[in-house]
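Student: Sequence:
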Amino acid sequence: MRLSTLTQAVALITATLMLTACGDDSDVSTEIIDGTPPLLTTDSNFSSGYSAVAAVFVSGQVQDSGGIKSVTYTLNGRAPQSLTIDTNGYFNDRILLDLGENSIALAATDNAGNIMRSTKNMYLGDMVAAGGSHTAALHDGQLYGWGRNNYGQTGTAYISTFTDTIGHPELPTLMNNAPKNLISIKFNQNHSLAIDDKGQVYSWGNDAYGQLGRGQSNRHSCVKSADCRLDISAIAGINNAVMLAAGYNHNLVLTKDGSVWAFGANAQGQLGNNTAIDSSIPVKVDFSASEGVGHIIQVVASSSSSYALDDKGQVWGWGSDASANLGRGQACDKANNCINVNSKPVRINVIAQDLADSTAQRVEKEIVTQLAAGKDHVLALTNKDSVYGWGLNASSQIGYNGIGFKNTVNAWANIITAPTKLPWFAGKEVRRVYANGNASYVLLDNVAANNSNTRASDGILYAWGMFGETDGKGKTSYENLDEPTNKLTSLKNIDNMAMGTMHLIAHEKPLNQNNGIPFKNGNLFTWGWSFEGSLGNENTSQTWMYNYPIPIKLPSQL
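Each number in the numbering used here comes from the position in the sequence shown (counting from 1) with 138 added on.
Calculated directly from the structure, the hints in this document are not laboratory data.
All C-beta atoms in this analysis are idealised placements derived from N, C-alpha and C, irrespective of residue type, glycine included.
Take the hints with a grain of salt, since some may be wrong.
[As the list claims (entries may be wrong)] Taking CB as the label site, the calculated pair distances span:
| hint | residue 1 | residue 2 | range |
| --- | --- | --- | --- |
| 1 | S355 | N584 | 47 to 55 Å |
| 2 | D365 | T546 | 25 to 33 Å |
| 3 | N677 | A564 | 38 to 46 Å |
| 4 | S220 | G305 | 52 to 60 Å |
Between the sequences and the hints, there should be enough to build the whole structure, so can you do that?
Tutor: Here it is in structure tokens:
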């Protein structure tokens with residue numbers, strides 16, 4: 139775990155006051171006034187930037203020779219709230235975030251009244267999104283979309299294909315029929331979701347399984363009869379949303395109070411409502427049998443499975459277990475004579491001997507702080523910068539089952555049946571994990587340069603699992619990377635990314651916002667599978683695989 143020390147900014151000690159009476163200089167009185175603020179140390183979770191989780195885990199220690207009076211936090215200018223500290227000055231708590239912009243100020247006060255403060259700015263929400271082959275970015279609350287549009291999933295209010303010479307959005311296009319106050323977007327396959335600044339959820343695109351959550355009526359015809367919605371409209375019954383998770387044919391919404399709502403396909407119980415019946419309207423995930431569950435702070439979804447992280451660092455899963463998605467030690471398939479319907483959340487024990495004791499105040503405790511899910515594999519990041527993985531591994535998306543290992547005695551299995559600590563991140567500063575399809579990524583900070591005279595870089599992406607490249611002759615080859623590899627050497631200072639099934643979009647942090655929330659400016663880059671304009675560049679609209687990142691400009695940035 140990385141520690142960032144806030145040095146003592148004020149070090150003022152008064153000189154000794156000497157009083158002499160009647161010429162007798164033997165009568166000396168000395169008073170020392172404490173003018174030094176306490177020393178406040180926090181772990182790397184307390185840092186500015188985008189957050190994938192609706193809370194920040196704040197751990198650290200405060201020290202002062204004169205004793206500590208309090209440690210408090212102030213969220214978005216509200217009344218200060220106290221953090222519990224133990225006798226050694228350790229604290230370990232979570233702070234729930236608001237949707238969108240957040241400013242959090244920690245204040246440590248010693249018994250003499252000296253204060254040390256640390257303020258961080260965080261953004262809860264996704265400003266970029268990627269689906270099957272459609273892509274988008276938000277700028278000043280407005281939606282810009284491009285790519286495949288056979289279900290109207292980009293937001294154009296009509297369907298189009300690449301052969302349409304007019305109207306197909308192969309370049310970033312302002313979606314005028316979208317709300318103008320969007321905070322977060324999430325895509326997968328051929329459907330799209332968004333949240334506005336009031337916490338209202340919107341949906342559009344493919345609705346064949348009810349995955350848009352807007353009921354059975356008023357659908358449009360796109361690929362098949364009555365299988366899509368071309369209008370961007372609100373989902374009834376959900377208020378105060380803070381997070382979206384898009385599966386392949388089902389979706390999850392997390393609300394401010396920690397409730398999880400689900401809609402869409404449910405054949406494997408992926409809606410978590412104790413049934414296997416599809417629902418075209420939101421249903422509440424049933425945690426009633428989940429003993430010890432905390433406040434849910436993150437939701438993610440895979441092809442037919444769902445996952446949640448609570449504020450104790452516990453991981454919960456439901457839905458398909460065909461590829462050991464629930465990490466219970468075996469795949470739920472015909473060979474194991476297993477009925478693959480898991481319609482209520484079960485606890486996934488990610489960390490060995492994980493007691494999930496929320497009263498623990500020592501910073502040494504390891505807990506899960508973020509999840510990511512691909513088609514059928516899951517990654518879990520901990521506060522110790524460790525990454526765990528489980529589930530499908532046929533393309534080496536967990537590791538060591540690609541071109542250098544597959545069908546050898548050293549290869550990892552096609553399915554990793556229980557959470558396994560991945561061996562590559564000791565001593566690394568892992569900021570975030572990503573997954574979709576059969577690929578995985580990590581975002582690393584403080585990556586050492588090859589040249590000893592060059593400073594280490596932040597925001598470096600490493601990929602593993604399925605990875606394809608097209609050469610200058612248009613021939614595409616796929617390499618299942620065995621371990622995290624820096625294949626995108628031109629990218630640095632990345633602060634967020636979205637993974638589609640086989641293409642990606644990333645945001646580069648502006649250099650002039652080192653400690654702010656870099657959500658309004660910064661460069662965009664795309665790479666991966668290009669189909670019907672999914673990469674947003676007219677010169678690569680039908681290049682099957684393009685892995686030299688392409689800069690993307692929104693019309694508002696030209």
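Student: Are the hints correct? Go through all of them and say.
Tutor: Evaluated hints:
For S355 paired with N584, a C-beta distance near 53 Å keeps the hint of 47 to 55 Å intact. A hinted range of 25 to 33 Å for the beta carbons of D365 and T546 is inconsistent with their spacing of about 45 Å. At about 41 Å, the beta-carbon gap between N677 and A564 stays in the expected band of 38 to 46 Å. Between S220 and G305 the beta carbons are some 57 Å apart, a value that agrees with the proposed interval 52 to 60 Å.
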